[in-house]
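Asks: Okay, here's what each chain looks like letter by letter:
2 protein chains.
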Amino acid sequence: MGHKENPPETQDEVLYGVSSTVLDNIRIALDTKRYKHLRFLLKELHAADVADVMLHLSVEERESFLEAIKAVFDPNILIELEPSILTHVLDVLDINALAKAISGLNSDDALYIIEDLKEEKRQKLLLSLPAKDRVIFEKYLTYPEQSAGRLMQREIVCVPPFWNTQQTLDFIRDTAELPQNFYDIYVVDPRHHPVGKIPLSHLVKAPRDNVVSDIMAEEIHTIPVLADQEEVALSFNHYALVSAPVVNEEGRIVGMITVDDVVEVIEEEIEEDIRLMSKVSAASDFYDPVLLTAGWRIRWLLITIVNTLIASYVISRFESSIQNLTALSFLMTINAAMGGNAGMQVVTVVVRALATRTLREGDTWRAIRKEVNVSLLVGLFCSAVLALIAGAWLHNWGISLILGISLIFNILWAGFAGTFLPIFIEKLGMDPAISAGPLLTTTTDVFGYTIFLGLATLFLL
Amino acid sequence: MGHKENPPETQDEVLYGVSSTVLDNIRIALDTKRYKHLRFLLKELHAADVADVMLHLSVEERESFLEAIKAVFDPNILIELEPSILTHVLDVLDINALAKAISGLNSDDALYIIEDLKEEKRQKLLLSLPAKDRVIFEKYLTYPEQSAGRLMQREIVCVPPFWNTQQTLDFIRDTAELPQNFYDIYVVDPRHHPVGKIPLSHLVKAPRDNVVSDIMAEEIHTIPVLADQEEVALSFNHYALVSAPVVNEEGRIVGMITVDDVVEVIEEEIEEDIRLMSKVSAASDFYDPVLLTAGWRIRWLLITIVNTLIASYVISRFESSIQNLTALSFLMTINAAMGGNAGMQVVTVVVRALATRTLREGDTWRAIRKEVNVSLLVGLFCSAVLALIAGAWLHNWGISLILGISLIFNILWAGFAGTFLPIFIEKLGMDPAISAGPLLTTTTDVFGYTIFLGLATLFLL
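First to last, the protein sequences are chains A and B. Residue numbers for the first sequence follow this note's numbering, beginning at 83 and rising by one. Residue numbers for the second sequence follow this note's numbering, beginning at 83 and rising by one.
These aren't lab readings, by the way, just hints derived from the structure by calculation. It should be emphasised that the depicted structure is a prediction, and the values quoted were computed from it without experimental measurement. A hint or two may mislead.
Unchecked claim - Across the chosen pairs, the derived CB separations fall in these ranges: (1) A/Ala179 to B/Gly536: 56 to 64 Å; (2) B/Ile218 to A/Ile177: 51 to 59 Å; (3) A/Asp252 to B/Glu143: 47 to 55 Å; (4) B/Val372 to A/Ser102: 46 to 54 Å.
Said to hold, decoys possible - In silico DSS-like pairs for lysine-lysine, Cα to Cα no more than 30 Å straight-line: (5) B/Lys152 to B/Lys206; (6) B/Lys200 to B/Lys221; (7) B/Lys152 to B/Lys182; (8) B/Lys214 to A/Lys214; (9) A/Lys152 to A/Lys203; (10) B/Lys182 to B/Lys221; (11) A/Lys152 to A/Lys125; (12) A/Lys182 to B/Lys287; (13) A/Lys200 to A/Lys152; (14) A/Lys115 to A/Lys182; (15) A/Lys182 to A/Lys203; (16) B/Lys182 to A/Lys287; (17) B/Lys287 to A/Lys287; (18) B/Lys182 to B/Lys200; (19) A/Lys287 to B/Lys125; (20) B/Lys182 to B/Lys115; (21) A/Lys182 to A/Lys221; (22) B/Lys214 to A/Lys287; (23) B/Lys287 to A/Lys125; (24) B/Lys287 to B/Lys214; (25) B/Lys182 to B/Lys203.
Ideal Cβ placement from N, Cα and C applies to all residues, glycine included.
Please put together the full structure from these sequences, using the hints given.
Replies: Structure representation (structure tokens):
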């Protein structure tokens, strides 16, 4: 934290981030062009906090901010920036500043920046790097996006199984080119296949003459270089890993992934899931351009437009029934809304369970049975409540009975379809987080309007 | 990974978890009561994988499974179990088995089990522990749930600033009671206040005669013992921490939190957020009892019931307009649905931005301006599309014009209220993830029906 003189106002400020006072002071220094003072204010801040400051500046402020600090720019700030801010900053920085920044980073962090450059600038930057580094990054860029190969760093500590503890410690102390931070040492055979690992804390606890092969853990969770980053995150989470070796198709160790990269991935993937489930998708930050955000939103709303049009068409088929019994017009929305909401509860649970792998193929029928049972209870309760309210309101117990019965059926359908649809969509190889929700509410709308208006037409008119 | 003889069928199985073949073999061994073979099958599995197996067994299978493995039960399995399964297992295990399990765990993991016990069983267990341990756990239990105090482990490595590298390494090698795994060494003053930290990988790289105070990083991100676990997770994520010291009210170091605990918290909190946003809440796993799940679902649906009743009431006020122009009955749902969906997109983005602290008080107007601008574009586009479709469908350009105009206003309202409501709710000290959604859709329903039916009544009837 650094400064503890003033008691912070809220719990937040104790733990992380810049306070609004610091932010205000930075803004003032920027506005009054006192750049020396600005650099002084920033000197005490962690790179993540400087990135946080830049998030809260306007586009113009950010550009003069960059101009002011460019001589003392810490490359670690780049990797902490929000994606939309990073794109802007990379546009502003020139090739020389970028090349300098890249050389100060671990290979995985440098790659993160290179990935984000526009094609033309990326080529220029790669050409300005030393040949050795250029080859490395070009190799990196051949791995698919969001694969383990893009996440890993090439800097690793590998030792042969026949060394002892002391030799290993001496090797670490005497080798200049090691990762900035590492938590495990990998034991490799002569073909460079990993055969074990030693957590660093076990190495320093072991007697000096212990042989590496005796103290290493043979249970290593190797990551194939082409594995998807979501799988990598689930694996780290499942086995509570702090680092894991990455191997190529031949099983040779080519790098390692550390838990900090994975925490990023978890946040990213879950953010993505939340957005997909809420039909928001990418480019929705306040820091993205209006036109881009509107474009994404409209794409999702187009699905909604189709849904509502289908529902409207279904209702229009019952036009004359509604004209004869106008109470139908305000009760029909209850059935559709309740079915949609109950169904979305089920879809959310099932989609999450599929994403976290707590629900698998073999559990399909068990899950459907459970959800249908729950829906039966939920349906009985909600339809009783709503039928009673509708009856008391309209003094028409015929229509309230039909509302209750159609509601039970719609909620039961929501329970069945809400479980079945996501599982089915995943089986087809598509992402249920995107399509299950709109598909389900279309069915609950169609089913809800049809059964309520249909039963009313049959029995009341 | 262990066995690599058979090529795995899917990418999933390469990275983690048990394959369905392994699961089937375990089931067969269990059904045929070949418990020795069962234990043999389990020997090769990581504790997290055994927990995974138990998740997929039925209640009865799980009980005979526990009976079969109880003699060789690995306590680490307990901390990997899903909450609802853990509760069941703790019910089945007797006090002696529990006490044995507790003694084999790190203090934070042991606490996790003790927390989950029913009051009576917890007291019995605490009494069966050695007095020293009992005192420690009783102290632990005085920290609020979901606080840093409950997450931390007491086992830490602390050294004085005047030691050198060699002394520190000798201390680590010669001290028996150290944490199983650690990644940083904390430097403390005589009052036991942390003054610096050394990542273990820096310690082993440093020359033997370097003094601790020269190689330590003074930037330590201490965590107050009462801090909320969500704040802890955000702080770890922000500064990419692997471990952090926990201090009590006097600033004394009392424990440490490691990144694996935090990964759990991140998953837990985000799971909670997703559930709150989707109005599902706790007890929604397939592995929870039907009655419990139904109870939770109904609680949320009660809010929905109120919403739909309000909307129904609004519509009923326009009963005679609908009777005179029945097309209103099927067009009115379009306006309400589009407003609700567009508004939920906004609410989701704002709630997430508040939760991840990318949106702060000072940004309120900037966020509202952005969202209203986006909504203007979205509203213009959607209302043009829908007005054209409605006009072409009904050959009534008056009603389609009114649909278009009311849709623009409703989507604009959704953009404003969708940004303002969550920020306002958070300012009142409540959680916007729970209440912002239903509140917003109630307003878009009421506003949507009123403006569309109202304008139609004024101009068309």
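Asks: In ascending order, which of the hints set out earlier in this document are inconsistent with the structure?
Replies: 8, 24
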